Amino acid sequence: MAPTPRIHDVPAERLQAGDFVADVGANDLVHFIVNVGDGDTQLLLLPEEDGSRRAIVVDVVAGGKLEALLTALEATPLLDDKSEAGEEQLALVVATHPHADHISGMAKFLEANAARIGAFWEPGYYMATPTYFRMMDTIGELDVPHSQPTSGTTRFIDQVMVTVLAPGIGLKNQYDSYGIDINDSSIALRIDFPARRYYKRAQDRTYTQLPKGASLILGADAQTASWAQVMVDFPQLGKERTATATALRKAGGVRPLRADVFKIPHHGSKHGLNLELVEKIAPKISLVSSVREGGKYNFPHMVSLEALREGIEPKAQSGEEHSKDYDLGIHCTSGRDSEGEQLGSIAIVLSPSGTRTVWRFGDDPKKKIDLEDARRFA
Amino acid sequence: MVPRESTWQPARVEADVDLADFHYAVVEEGMADDDVVVLLIAPWPEAGAEERPYFPYGIDEFVLAAEREPLRQRLSERRLDAGAERLGEGAPGALEELRNRNLSVGDVFALRLDPGFDPGAAPDGPLREFDWIADAIDVTAEAREAAKWKMVEALTPELKDEVVEDLLGEVAEGEGA
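The listed protein sequences derive, respectively, from chains D and H.
Residue 457 is where the first sequence ends in our numbering, and the numbering goes up by one at each step.
Residue 183 is where the second sequence ends in our numbering, and the numbering goes up by one at each step.
Do not take every clue at face value.
What the hints assert, rightly or not - Listed below are the simulated DSS-like cross-link pairs for lysine-lysine, each with C-alpha atoms no more than 30 Å apart in a straight line:
#	chain 1	residue 1	chain 2	residue 2
1	D	K403	D	K359
2	H	K166	D	K251
3	H	K154	D	K251
4	D	K349	D	K363
5	D	K446	D	K403
6	D	K187	H	K154
Stated by the list, open to error - Quick partial rundown of chain H residues pointing at chain D, CB under 7 Å, derived from the structure:
#	residue
7	V32
8	M37
9	P59
10	F61
11	A147
12	V158
13	A160
Everything labelled a hint here was simulated from the structure, so no lab data went into it.
Being a predicted model, the structure only gives us computed values, none of them experimental.
Built from N, CA and C at the ideal position, the CB exists for glycine as well.
Full structure from sequences and hints, please.
What follows is the structure, encoded as structure tokens:
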């Protein structure tokens with residue numbers, strides 16, 4: 080089924096070997112999507128604070144591969160060795176929802192890293208699977224602060240603001256009933272930095288708003304029922320441009336779903352994405368975790384990819400073809416280059432102004448990431 | 007974690023049904039417009055703390071995509087009541103309804119598999135043939151309840167005896183009123 084690659088192959092000349100570690104500045108945030116095949120494992124290295132970085136982990140399938148990545152990073156200036164790290168080096172670990180392709184490695188990861196985990200979030204959706212029982216067995220035995228957040232929950236970690244977009248409380252209150260899909264229990268996150276977006280001008284000591292920052296939306300496996308509630312909970316409101324509103328600094332308007340980087344929900348499932356959501360987010364970079372030939376779920380679905388392409392580059396009226404995926408900022412863990420080399424895990428380096436570089440590590444789902452094998456997408 | 011040796015026994019499954027040679031099968035996901043379900047199958051769990059299912063690391067789990075309707079039919083045909091008729095007490099037709107109900111994500115069955123079944127040799131694509139399922143017991147209710155209580159037990163300290171007595175006393179008073 081579906082023998083042709085759904086994501087366009089990247090011309091090999093657009094990928095250049097480089098020094099990934101040297102590319103990451105002290106104030107940058109790095110978002111890794113680890114190539115684990117059918118499933119999700121993500122790591123965010125936060126900007127330095129007092130000379131050290133903390134991290135956020137979102138889902139763990141291949142725990143060994145994630146551990147190896149952390150160990151490799153600890154051998155660089157990007158992350159302190161865990162023996163010297165603070166108690167909350169892994170400031171937040173999130174199990175987005177209890178499907179095995181998101182948490183099958185979580186129990187072991189929690190056991191191995193409990194001493195450096197600051198908080199653990201899961202959605203409170205109970206599922207009678209072996210992986211869920213194991214995860215909760217482990218949580219019961221560890222002393223890790225635990226929460227079941229819903230939309231609007233906010234956590235500040237150094238210069239990073241984490242906002243829970245989903246699940247909405249309306250969904251959570253319906254878990255123990257028929258009709259709520261486990262995917263819709265997913266914890267979807269918005270990450271903004273720097274969280275403090277104003278500064279004090281030296282010359283007159285007034286405070287000035289900074290023009291922009293960087294933001295990511297990590298969609299987990301949330302489906303359209305959940306995203307519909309997100310759009311209600313986080314409405315896009317226009318700025319009121321009257322003189323009074325300006326003078327009183329009121330009604331500034333909000334676009335709470337606009338983001339630079341969008342981790343596409345549910346591996347590109349047709350149930351996880353629609354055109355309106357893409358238009359609201361307007362991502363510069365879209366990231367898909369999936370396997371080459373679709374895997375057992377046949378992800379990403381073509382209809383989702385088309386919605387993504389159209390949302391980024393509207394062509395429906397003209398009927399013209401969309402640009403190639405790589406020129407639309409769409410990157411997939413299962414992608415290949417024009418010479419057939421797999422592209423593997425993805426790292427996005429985001430500066431506070433939102434400037435982005437995309438790195439690929441060429442790894443197979445069953446192989447470790449070698450930071451020295453990185454190629455930069457140009 | 008401390009390994010346990012006894013077998014998890016759902017409360018409503020008759021004690022004389024030995025579940026040790028059964029497998030634990032969960033409907034983990036629906037896909038392809040719900041014509042196909044994803045089954046996660048593991049060896050039958052041990053009895054853990056508070057008699058909840060306990061799945062050690064390293065057990066031989068596997069995942070299968072299965073066509074929903076033929077799977078439902080096979081489960082219905084090979085269903086052992088094994089005490090499940092108690093669910094239907096006082097509700098005419100309930101047992102028949104349970105036996106033939108549609109499969110939902112989160113459903114759990116104890117399955118006795120044909121010894122010759124090799125999941126690694128299964129053909130590509132969703133399975134249509136289920137003659138490898140020899141017997142099936144619907145343990146959805148017990149498994150869901152166990153998962154729910156597992157979550158609570160993981161996140162809360164054990165209830166003190168005096169609190170239990172106090173609450174039970176209040177229940178008894180309420181029943182007497």
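So, going through the hints one by one against the coordinates:
1. D:K403 <-> D:K359: holds, 21 Å
2. H:K166 <-> D:K251: holds, 29 Å
3. H:K154 <-> D:K251: Distance of about 14 Å is within 30 Å: holds.
4. D:K349 <-> D:K363: holds, 21 Å
5. D:K446 <-> D:K403: holds, 28 Å
6. D:K187 <-> H:K154: Cα-Cα ~21 Å, so holds.
7. V32: Holds, because the Cβ-Cβ distance from V32 of chain H to chain D comes to roughly 5 Å (cut-off 7 Å).
8. M37: Holds, about 6 Å.
9. P59: For P59 of chain H, the interface hint holds, since the closest Cβ of chain D sits about 6 Å away, which is under 7 Å.
10. F61: This hint holds: F61 of chain H lies near chain D, its Cβ roughly 4 Å from the closest one there, short of 7 Å.
11. A147: violated, 10 Å
12. V158: With a closest approach of 9 Å, the V158 of chain H hint is violated.
13. A160: holds, 4 Å
In summary, the structure is inconsistent with hints 11, 12 from the numbered list given earlier, while agreeing with the others.
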